[in-house]
Amino acid sequence: MKYSIFLIVAPMAMAFLVPFLGHVMPALSKGLSFLTALAGTVLSVFLLITYKTPFTVIMGGWIPPFGINLHVDMLSLLFATVVYGAVTLGIAFQLSSVVVKKPYFYMLILLLLTSLNGMILTGDLFNLFVFMEIAGISSWALIASGNKTAGVRGALQYMVVASLASVAYLAAIAIIYSSTGTLNMAQISGGLREMNSAMAALAVLLILASLFTEMEIFPFNSWVGSAYRGAPSSISGLLSSAVALAGAYAMLRISYIVFGAGMGNIIRFGSFNITSILFWMGVVTVVTGEASAFTQKDAKRMLAWSSVGQMGMILMAIAIASEKSIYGAVFALITHSISKLLLFMIVGRLVSATGTSDWTRWKGIGRKNSILGIFFIIGALGVTGIPLFAGFWGKFTIIGSAFKSTGSSYLGVYIILAATVMEAVYFLRLAHALFEEPERKPGKVNTGIVFWTCTTLLALAVVIIGVFPAPLDRKIKKIPSELRGDNTSGYISTVYKAMGR
Amino acid sequence: MNKIAAILMIGIISYGVYAAFSSTQPGSKPFKRKAQNDVSRAYLAKTVNGKKHSSIMRGMKGLENSSSNIVTAVVLDYRGFDTLGEVTVLFAAIAGIGLLLGGQKKRVITPAGPIISSLAPWIALFILITSAYVFLHGHLTPGGGFPGGAMIAAGFLLMVLGFRTKPSGVFRMLESFAGLSFVLVGLLGFLKKGSFLQNFMGTGEMGSLFGSLFITVLYAIIGIKVAAELSSGFGSFVKEDLEEEHE
Amino acid sequence: MNNPVFLFGIGAFALMMIGLYGVLTHKNIFRLILSLGLMETGVNLFIVAASYWDGVRAPILGKIFNVKTADSYADPLPQALVLTSIVIGLGVTALALALMIKYREGTGTLEMEDKREEEVEE
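Residue numbers (my numbering), protein chains in the order written: chain S, 121 to 621; chain F, 266 to 512; chain W, 69 to 190.
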């Protein structure tokens, strides 16, 4: 199972090869980028099927607190598979587009893929920072890669916020390393409890600020609207389905493993309580995100803010920290990735057909392209969480866990229900516009076999997961027990075993 | 208004940091260290693999790592995976610059004065020799592949100033070749020893020039890569500059 | 207060705060990038300073190294981390400058302002 390093190394090696090939034959380098992502998807699915127990992969032959280790368990494999699948479809979508991109564009997507998998697999706090920076740099360049200035503006806004976040993260690393003497996530978990509590609270706040930026949590998400709008649609889709997913993964991992010794055990320092910070940030993010999405006339901004709302909901689930809420959070993250990628693909094609991203001017375009319109509705229902569509199970479980929890978490039930109503309204408003009487003759939407394959796969996934959640359910059920600190197959015990203790 | 808000925010952060540092509760704190922790002690004494030595002398053999410069040992051996990521960051940044600024506009070249153009090759030669020294001695003295590569790039910059030479696609090739070799070294470690980026070349005499071949090889790769990267990145920028001079 | 560690720490913190002030108050992209660079420098100094103690020397082993004297050497790990973070900072700054140039080409200005009606592509 040590072959899981190829999840990180294969796209990296291919990315290094692209300038070489791009010089000789650009078409080959683009095709190979797609094939690398596809091969990685196959590998991650294979690892997921053959997976039995969590294991630690040692890098450089040095045992964990001295060297860097990768940690592979159900959570990381599941998320790596989703990232690989999303990036493969994203590359295919971009290749089928009329806008021709340079080989460097695909190389940066491969680097993004590398870094997201690194973020997901690594078990070292500083290594996570390095991969976060690769993800940041490649996504800024990708966002700005279009011909229009909107993308450059979005990328600059993202760059400023993310650089501030990385400074905060590094400062936290300095504090943590100098006080606990280690960078390994499993060891820091114990070390944070021996730190001076005010100092530990400072470090925790700094790390949270940077993870909130990765996860698009209010108030660190001012860049979201312009970055998603200015980016090419394949990249907006990847930002929402893969980058935010990896950010949420880092949040999940760090809040349960580093800040808490296992699930439901998130630390408190006297009156300083991380759980309530996470919960209230989640509430504020859901409210502001859905409200901004509601007011948008720009379809891409609307989808972006809807992602923010979803991330807020997931943060609330992380804060509730019960077995059910983790199950719900992971389920909701995966289904959100699938549905949002589908929506961004459709919206991208509609933008290029109509020349505008203002959805009020898209009237009637769904009449001529009814399958496209139906796929849009499927994606929208998938995000909203209507029964029989994929988003339902995650949202339903989160609401159920909020219902059972004590204290102010009970509020989550109302917040999520209200957010669902708002989502349903603004998505169906757009869907309604698509099927309205056209004001002028709608343009032709550029579709092709590749586009239909990608969207059909995603739409089928939304429906199939919604109707038969059992296969995914079996996988996700394992995750809460692996995140616990008190059993022998948990994260911390696995890493300590690799350390030889 | 903006300024007042900024000062207020900085005040809040400063107060928070002050409160954290002046807290008298029990527990470990930064800026209070007096000794090595377990991790750094093992790096210094080279006991990560559990083999203890009471002292380490120059010329000793059979150590787990034979670099005198412990920072280099950490960067390339113990935490080599971070360095692969670091190299990738630079690669991504330069590729991003190429993607953003890779315009197809015409370039205007003006010749430099006689002083620069006659001296540039000689100075560049000395820079090249010094930088080769810097990255070959990375495991013995401060320095290594990153400063060495930056020095080569500086020599190249001098040549561009002197002759207005065209930064060619060779750098891109070199860059991807060096990046691939880094991954290849890692994979060889994986095939031979079972762990990615593991030292498969063995360790030699502590403190001798070719005592830690693994580090020397990696630093040479990094040096070439950084030099090619900075040069080609500079090339992407210089196109714009040369153009604006004549507008 | 005579301890140089405190001077390093306070200097690092001051650099970070000056940079933060610059980021919060300026709209000019070049100044934003400069301020971010200042913050990066500050945090690099902070990493080294947080693991520094008085009277240590560089972690380079000389002719003979007695394990008992290990505490008189500086901790090598933060220095390795700083090496990595400096290179990352370089990459970020270079890309930010490229973004700035492209922004200027598109808008003719270096000021950040939010225009919503720009064209978007697929």
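Simulated from the structure, these hints should not be mistaken for lab results. Be aware that one or more of the hints could be misleading.
As a list, the in silico DSS-like pairs of lysine-lysine whose alpha-carbon atoms are at most 25 Å apart [what the hints assert, rightly or not]:
#, chain 1, residue 1, chain 2, residue 2
1, F, Lys317, S, Lys617
2, F, Lys458, S, Lys617
3, W, Lys95, F, Lys316
4, S, Lys564, S, Lys268
5, F, Lys299, F, Lys317
6, S, Lys122, F, Lys458
7, S, Lys444, S, Lys417
8, F, Lys326, S, Lys617
9, S, Lys488, S, Lys172
10, F, Lys326, W, Lys136
11, S, Lys417, S, Lys598
12, S, Lys617, S, Lys524
13, S, Lys172, S, Lys564
14, S, Lys561, S, Lys444
15, S, Lys417, S, Lys597
16, S, Lys483, S, Lys597
17, S, Lys172, S, Lys598
18, W, Lys95, F, Lys268
19, S, Lys172, S, Lys561
20, F, Lys457, S, Lys122
21, F, Lys268, S, Lys617
22, F, Lys326, F, Lys316
23, S, Lys268, W, Lys136
24, S, Lys524, S, Lys417
25, W, Lys131, F, Lys326
26, W, Lys131, F, Lys316
27, W, Lys136, F, Lys317
28, S, Lys444, S, Lys268
29, F, Lys297, W, Lys95
30, W, Lys95, F, Lys317
31, F, Lys299, W, Lys95
32, F, Lys268, F, Lys458
33, S, Lys598, S, Lys617
34, F, Lys457, F, Lys297
Derived CB-CB ranges, DEER-like [to be verified]:
#, chain 1, residue 1, chain 2, residue 2, range
35, S, Leu155, W, Asp139, 28 to 38 Å
36, F, Gly367, S, Lys597, 47 to 57 Å
37, W, Leu178, S, Ile569, 15 to 25 Å
38, F, Asp303, S, Leu580, 21 to 31 Å
39, S, Ile584, F, Lys317, 33 to 43 Å
40, F, Arg323, S, Gly310, 32 to 42 Å
Note that beta-carbon positions come from the ideal geometry of N, C-alpha and C, so glycine has one too.
Here's how the hints hold up against the structure:
no.	hint	verdict
1	F:Lys317 to S:Lys617	22 Å, holds
2	F:Lys458 to S:Lys617	20 Å, holds
3	W:Lys95 to F:Lys316	57 Å, violated
4	S:Lys564 to S:Lys268	22 Å, holds
5	F:Lys299 to F:Lys317	23 Å, holds
6	S:Lys122 to F:Lys458	12 Å, holds
7	S:Lys444 to S:Lys417	36 Å, violated
8	F:Lys326 to S:Lys617	30 Å, violated
9	S:Lys488 to S:Lys172	49 Å, violated
10	F:Lys326 to W:Lys136	20 Å, holds
11	S:Lys417 to S:Lys598	41 Å, violated
12	S:Lys617 to S:Lys524	35 Å, violated
13	S:Lys172 to S:Lys564	49 Å, violated
14	S:Lys561 to S:Lys444	50 Å, violated
15	S:Lys417 to S:Lys597	39 Å, violated
16	S:Lys483 to S:Lys597	43 Å, violated
17	S:Lys172 to S:Lys598	10 Å, holds
18	W:Lys95 to F:Lys268	12 Å, holds
19	S:Lys172 to S:Lys561	56 Å, violated
20	F:Lys457 to S:Lys122	14 Å, holds
21	F:Lys268 to S:Lys617	53 Å, violated
22	F:Lys326 to F:Lys316	13 Å, holds
23	S:Lys268 to W:Lys136	62 Å, violated
24	S:Lys524 to S:Lys417	38 Å, violated
25	W:Lys131 to F:Lys326	14 Å, holds
26	W:Lys131 to F:Lys316	20 Å, holds
27	W:Lys136 to F:Lys317	12 Å, holds
28	S:Lys444 to S:Lys268	45 Å, violated
29	F:Lys297 to W:Lys95	39 Å, violated
30	W:Lys95 to F:Lys317	57 Å, violated
31	F:Lys299 to W:Lys95	44 Å, violated
32	F:Lys268 to F:Lys458	58 Å, violated
33	S:Lys598 to S:Lys617	20 Å, holds
34	F:Lys457 to F:Lys297	43 Å, violated
35	S:Leu155 to W:Asp139: 28 to 38 Å	53 Å, violated
36	F:Gly367 to S:Lys597: 47 to 57 Å	49 Å, holds
37	W:Leu178 to S:Ile569: 15 to 25 Å	45 Å, violated
38	F:Asp303 to S:Leu580: 21 to 31 Å	52 Å, violated
39	S:Ile584 to F:Lys317: 33 to 43 Å	58 Å, violated
40	F:Arg323 to S:Gly310: 32 to 42 Å	38 Å, holds
In summary, the structure is inconsistent with hints 3, 7, 8, 9, 11, 12, 13, 14, 15, 16, 19, 21, 23, 24, 28, 29, 30, 31, 32, 34, 35, 37, 38, 39 from the numbered list given earlier, while agreeing with the others.
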